[in-house]
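There are 2 protein chains.
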Amino acid sequence: MSKETTAVTPIRKDDFPGWYQSVLHVADLAEHAPVRGCMVIKPNGYAIWEVIQSILDKKFKLLGVKNAYFPLLIPLSFLEKEAEHIEGFAKESAVVTHTRLEKGSDGKLIPTSPLEEPLIIRPTSETIIGASFAKWIESYRDLPMKINQWCNVMRWEMRPRLFLRTSEFLWQEGHTAHASMEEAQKMSLDMLNLYADFAENYLAIPVVRGEKSEGERFPGAMNTYTFEAMMQDGKALQMGTAHFMGTNFSKASDIQFLSKDGVREYAHTTSWGVTTRMIGALVMVHGDDNGVILPPRVAPHQIVIIPFLLKEGDSSEIINRCYKIKEELESVEYFGRNLSVVVDDRDLRAGEKSWDAIKKGYPIRIEIGSREIKEGRVPLFLRTKEKKEALSIPKEELVSKISSVLDQIHSDLYAKALSYREENTVLVSEREEFEAIFRKEVGVGRFVVAPFKGDKSLEAKIQKDFGVTIRCIPHNLPPSCHSCLFTKQSNASQVIFAKSY
Amino acid sequence: MSKETTAVTPIRKDDFPGWYQSVLHVADLAEHAPVRGCMVIKPNGYAIWEVIQSILDKKFKLLGVKNAYFPLLIPLSFLEKEAEHIEGFAKESAVVTHTRLEKGSDGKLIPTSPLEEPLIIRPTSETIIGASFAKWIESYRDLPMKINQWCNVMRWEMRPRLFLRTSEFLWQEGHTAHASMEEAQKMSLDMLNLYADFAENYLAIPVVRGEKSEGERFPGAMNTYTFEAMMQDGKALQMGTAHFMGTNFSKASDIQFLSKDGVREYAHTTSWGVTTRMIGALVMVHGDDNGVILPPRVAPHQIVIIPFLLKEGDSSEIINRCYKIKEELESVEYFGRNLSVVVDDRDLRAGEKSWDAIKKGYPIRIEIGSREIKEGRVPLFLRTKEKKEALSIPKEELVSKISSVLDQIHSDLYAKALSYREENTVLVSEREEFEAIFRKEVGVGRFVVAPFKGDKSLEAKIQKDFGVTIRCIPHNLPPSCHSCLFTKQSNASQVIFAKSY
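Top to bottom, those sequences are chains A and B. Counting from 6, one number per residue, gives the positions in the first sequence under our numbering. Counting from 6, one number per residue, gives the positions in the second sequence under our numbering.
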């Protein structure tokens, strides 16, 4: 295969969405389902989700969060309890109206047994979990209550994109109730930081932490914390959110507790979630024109070993050596899991297997032939380097060195993503500049950091005029010394504007 | 508390269904959801499911099964592909007909945007996974294909019972495709045995392995393998099933492959699943009039330690000792997990905590006061023994002995359940005897082993007349030397008749 040929067409710079679709296909991660807007998560994709789940689940449990399971279907009356909440989700609800099918006169099935009250498939579970909290919480002794569920949710989607935006997706949703406002606010911020640290330390994705503007908040929340990442087309992706609800939902669901002083008070609640979208993010941040690159700490298998068999004669020594190396490497613990190594002993040409390993994004590829056995060395091909460039390690040192090689891959991925984001982030203090960027920009997107002080309707107007939204008001940025680009008011916040998924 | 007082009312012999409901409540495992027929699985109940999942998931993966995720919603046209299949599920389908809500003139929400083709919430996923298999499988090289998903399913239920029969429940569904009939049949039998071994070795529930009669088969299957357990009211509970589909579903979904000889053939498929019903089973098999008894190998926490604090003076030594014991015990690996130990340091009377531990079913309770510290011994109260009867172990021997104590609890639970089943199983060879048992029996149920040779319609008649069904045709029983109780045909099979959940 010549140097110019790539495993994926189209390539990123020609057609980013087309590249994304194609990468998911060659890496065999997911595909569109026959049901409009839904996806099938294939074994390679689901295995990444399993790793993400197991890491996050452990972290949640260390914070005293317990898993539970609540019903898929929510009565309309529940949704109606919180006015903003229902407005936020009504337009994308899958509604169950019947509970039986019967054959019509033409032999076709028709829905019968209509429900008295239609039910909607949960788009999120604040209202149904709120009803349980109201029953479970009696006094301050029951607080804080920290509950999480791993489940599927549904928000009807007319323009689906695998992992990023589908009618059904998988997620976790944490819900907590607290005696004080301060504690609830801290909880939501702690979750933001837990998530953002996970994105950086495991997914190797640099993120901006901050809060959402009024126009972008979760329907019914007092405050939505977010962490945003830049994809390789310069667009933002919201990686996950944590909401501080104040007493909005506890009032709607009547979550009261008897305080230490014997007074009945409303609890302060939070909710927080991340979804299978994280898989889309790591593909769009790290992938290249040859396929996916899996960050080692969430890769289902960090290493693939490819036997380069003799054309004729006995190959068993080579195969045995491959399995020996696999066994040695799998004794190594790396970020809470033992390494997982695949020996690709399929009946295919070795060169074909190497390309397959590249497309699927194994962080490290090891190729073992008779020469490697003779020389007693193990060549590591890092997915972050050129295809032919190997790190040759004496076989005795493999086990002791492997973790630092994986760390290096992680750091390289992170550094590359960070410098890409920095190169494509612009500080803007004049409206003309803002307009020039978002009007004329046809190629790569940008994060535009600019002073803003305005309301929801101004945000809506900016979105209409420029196709961009406020992604977040970053934490750790001082207030701008400039006045708002649009309203000219002083005391503006520095916010990030960008196109987004 | 006097000897006659029980923690649970009603007691088993007075009102078994009432006892069951009450036990779930005192052990805080699950409750009815505000949505008709659905349940909320509370943290204590969900934790059991997590253990079951993690054990089974590892066993599946050792067989080469990979996890994936398929859509929740299934188009009606898919369901219609297999005639028996749709008949089996049409009467209990939750149907999605609209994808949007709007406010009507009275301010109430009404469903709008009707779907062209209604979708049903999966009652099981043969048809939607079949569509993927048809795409994914090209040649014999792609076989066997072994896929599993952990998910929620829905079968509309008018008479719900927590864990046993609810409109929504959680399960895993494995689906495999094979080149030969023999291999597929073996796969479904292997899964039956994997499940049944799990029931016996982990849940401590003795089961009868066998196959379903024609009238009880999965809609569309050639053969359904089942494993059945007897509850403490003598009724049978189907614990799980594995289906051999032959080519019925591959023909319906067009799952073809190119054989080694270059011929296009239909694949032979299987499916197999177990559900959250297993939690109901362990409650109904092992529970007593004081609450749940958790079998140690699936108990989320095997041990609870209760500090018996001094009325006055320093209690820190006692608390420290409790945490020290917890730490030591948690270093012990038992059936693939480290032991999990809870120190109940809540601000409650010790006696109250002991009763709480009994109700929740911790296999072992340890009570530590100043006397235990002075004597250097640790008293183990086994949930399978009387409340006050302790096994006193020198503290140095605790770690080395704990596994065998847990094994003993497991064996005791299993033995007790087995002898209960044996005492309530009757061999019957005359119709009069059969009628006497199922007509007159008003108290405890029975497994009646009897010769049967008949068809679906006869099974339906027996169900109508006696309220019993053929639970299974047990493996490892010789054919009966008697003729069928009902048809008088010879060469009858020995089958088990019972009332069931």
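Calculated directly from the structure, the hints in this document are not laboratory data. One or more hints might be untrue.
[As the list claims (entries may be wrong)] The calculated lysine-lysine pairs, modelled on DSS-like cross-linking and capped at a C-alpha distance of 27 Å, are:
no. : chain 1 : residue 1 : chain 2 : residue 2
1   : A       : LYS66     : B       : LYS96
2   : A       : LYS140    : B       : LYS96
3   : B       : LYS63     : A       : LYS66
4   : A       : LYS66     : B       : LYS240
5   : B       : LYS71     : A       : LYS331
6   : B       : LYS86     : B       : LYS64
7   : B       : LYS406    : A       : LYS64
8   : A       : LYS71     : B       : LYS331
9   : B       : LYS96     : B       : LYS329
10  : B       : LYS96     : A       : LYS108
11  : B       : LYS240    : B       : LYS364
12  : A       : LYS331    : B       : LYS64
13  : B       : LYS329    : A       : LYS71
None of these values were measured; they are calculated from a predicted model.
These are the hints, each one checked on the structure:
Pair hint LYS66/A plus LYS96/B does not hold up; C-alpha atoms about 40 Å apart against a cutoff of 27 Å. With a C-alpha separation of about 33 Å, the suggested pair LYS140/A and LYS96/B falls outside the 27 Å cut-off, and the hint is violated. A C-alpha spacing of about 21 Å is found between LYS63/B and LYS66/A, which places the hinted pair at or below 27 Å, so the restraint holds. Restraint check: the Cα-Cα separation between LYS66/A and LYS240/B comes to about 38 Å, which exceeds 27 Å; the hinted pair is violated.
Taking the CA atoms of LYS71/B and LYS331/A, the gap is near 20 Å; set against the 27 Å cutoff, the hint holds. Of the pairs offered as hints, the one joining LYS86/B and LYS64/B is violated, with about 32 Å between alpha carbons and a cut-off of 27 Å exceeded. The suggested pairing of LYS406/B with LYS64/A is violated, with an alpha-carbon distance near 32 Å, which exceeds 27 Å. Of the supplied pair hints, the one linking LYS71/A and LYS331/B holds, its CA atoms being roughly 20 Å apart against a limit of 27 Å.
For the hint linking LYS96/B to LYS329/B, the alpha-carbon distance of about 56 Å lies beyond 27 Å, and the restraint is violated. For the hint pairing LYS96/B with LYS108/A, the CA-to-CA distance comes to about 11 Å; that is within 27 Å, so the pair holds. A threshold of 27 Å between alpha carbons decides the hint, and for LYS240/B with LYS364/B the separation of about 24 Å falls inside it, so the pair holds. For the hint linking LYS331/A to LYS64/B, the alpha-carbon distance of about 21 Å falls within 27 Å, and the restraint holds.
Between LYS329/B and LYS71/A the alpha-carbon distance is near 24 Å, which keeps this suggested pair within the 27 Å criterion.
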